[in-house]
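Novice: Next come the chains, spelled out residue by residue.
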Amino acid sequence: VTWRRGMFLAGVATLCAWVLVPIYLIALGAVGGEATVNAWPKPLWPMRFSLAPLRQFMDIAGVWASVLNSVEAASLCMVVSIALGAPAGYALARYRFVGATGFRLFVLLTRAFPVAILALPLAVSFIRLGLYDSPIGVGLMHSVLAMPFAVLITASLFQAIPRELEEAAWIFGCSGPKAFLRVVLPLAMPGITATAIFAFVISWNEVFAASILTVRHKTLTAYLLTVLSESPLHTQFAGGFILIVPSVLFILLVRKQLFSMWGLASR
Amino acid sequence: MRRGAATPYLLIAPATALLGVLFVVPLVQTVGLAFRVGGVFSLGNFASMAGDINFDAALVDTGAVIVVAVPLQLALALGMAMMLRHLRRGRGLVMWVWSIPLGISDLAAGLVWLAILTDRGYLNTMLFRLGLIDGPRAWLTYETPATLFIAIVAEEVWRATAIVLVILAAGVQLVPKEYDEAAAVFGASSWQRFARVMLPLLRPSIQTALILRTVLAFEMFATVLALGGQNFPVLMSQTFDAQYFQQDYGVAAAYAVLVMVASLGSTLVYLRVLRTPKEQLG
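Here the protein sequences come in this chain order: C and P.
Per our numbering, the first sequence runs over residues 1 to 267.
Per our numbering, the second sequence runs over residues 1 to 282.
It should be emphasised that the hints constitute simulated quantities derived from the structure, not laboratory data.
Every residue, glycine too, gets a C-beta built ideally from N, C-alpha and C.
Treat the hints loosely; a few may be bogus.
Stated by the list, open to error - A few chain C positions that, by computed beta-carbon distances, are all more than 10 Å from chain P: (1) Phe8; (2) Asp59; (3) Val67.
To be verified - Just some of the chain P residues that point at chain C, by a computed CB distance under 8 Å: (4) Thr7; (5) Leu22; (6) Leu27; (7) Met236; (8) Phe245; (9) Gln246; (10) Gln247.
Said to hold, decoys possible - Computed footprint of chain P on chain C, listed as stretches where at least three residues anywhere in the stretch have a Cβ under 8 Å from a Cβ of chain P: (11) 48-56; (12) 127-140; (13) 154-162; (14) 199-207; (15) 210-223; (16) 226-238.
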């Protein structure tokens, strides 16, 4: 039995290494700069530890601007999808109304469509609206991708909050909106925050639509995609690493909600 | 309820409006764009698409990665979900580590694997130290299609198993422990308990995970460009090429429609094949 337990734990450890070692290796490439990238055979620890290569990457013309564009688009995506998605989630959780099932299906269905089908004609419409080549256009497009998650996850969050709490607030003289703000919202806040961060990361990571919808004001992913074939490897590794850092932090922040988020959203 | 009947409709109106303007309208436009040449109905765009020199390769490559990677992801995620169940301590930590790739973009993941698999990368360093190769060696070129394919599958398994795992692990939590215990009392082996009790009860989660994963796999794009450049055409890189470089919007739309049909088709297949039996609906 102990031998089997040992094998089991070794398996768990191997799978942890399978996830973590590649991230460690690109981090080596990112902080090692040109010298590490060209070294042969490569050492498995940093030849020298310095953030200079990352700073050099940020100093490349266009990189810093693209990071700011990414943050702007992702923030907009986060705000729009929560501001519009959470009320819809609340409606699904608290009201029985004609069309509720249809609406839920419609929202779910948007997930089954490829992003290309939306991004291609939006490039044309955005030119007309003056949203083409701007992080605002990209953020709006991304909010469509985040919307199903925002609606369905907030719906399950609100469902998990007992209706009786809200009704008690009404009895004590709170109006509907006030009861929502004072009673329901504080309880749902951790879950809503996790959903918002998730929406941010969806936008931060998205490549295809961001590349189609921008030319000069590229997001970080769109920028990295265009320079893939022409920039040296250490630049690419630095870029990849900078893309990863917020994602890892994100999973750390929402790890408690991640489980319940998906458990409920996938039902 | 004491609130007005209009309230739920007012609450869903903003989300519906956004999805209407930025989802339904573009969807209709893309289909229109794909099926029209010079303002009249035509299959010309699809003919140009199918006539493209890379079309067959893109279709085969996309399909091959999905057929190989998705079952691997499902098997690995099932194993991981079972392992989590038997873990006594540190379950939260392990779950966190295993779900990290969930937040990593396909572009970044492609670059991660590029760092490992490039000529002077870490894989070759290891092989060199073990005496298996003499010096830097290329794995990701036009001349090495087999290793390029393996590299892309490895990246997909590394990055996208996490989403399957999270959905399955959430499903496992919903399975009452008593079922498993009852099966054990009646003398079922641990394999029988997994195959006969756990797996059927996980069917809805497996279905959700497979649908989501396959739809996303049809959209694979940046990973392939990061690892293989133009050496490994897939449907979405062809779409991007038609839209961005050729500026042939009709053909790009035709590709998008093809990807959409493939996504919806596979979703229907999963819904049908993995439907939950009636007696199990509770």
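Novice: Determine which of the earlier numbered hints do not hold for this structure and return their numbers in increasing order.
Specialist: Of the numbered hints, 1, 8, 9, 10, 11, 12, 13 do not hold.
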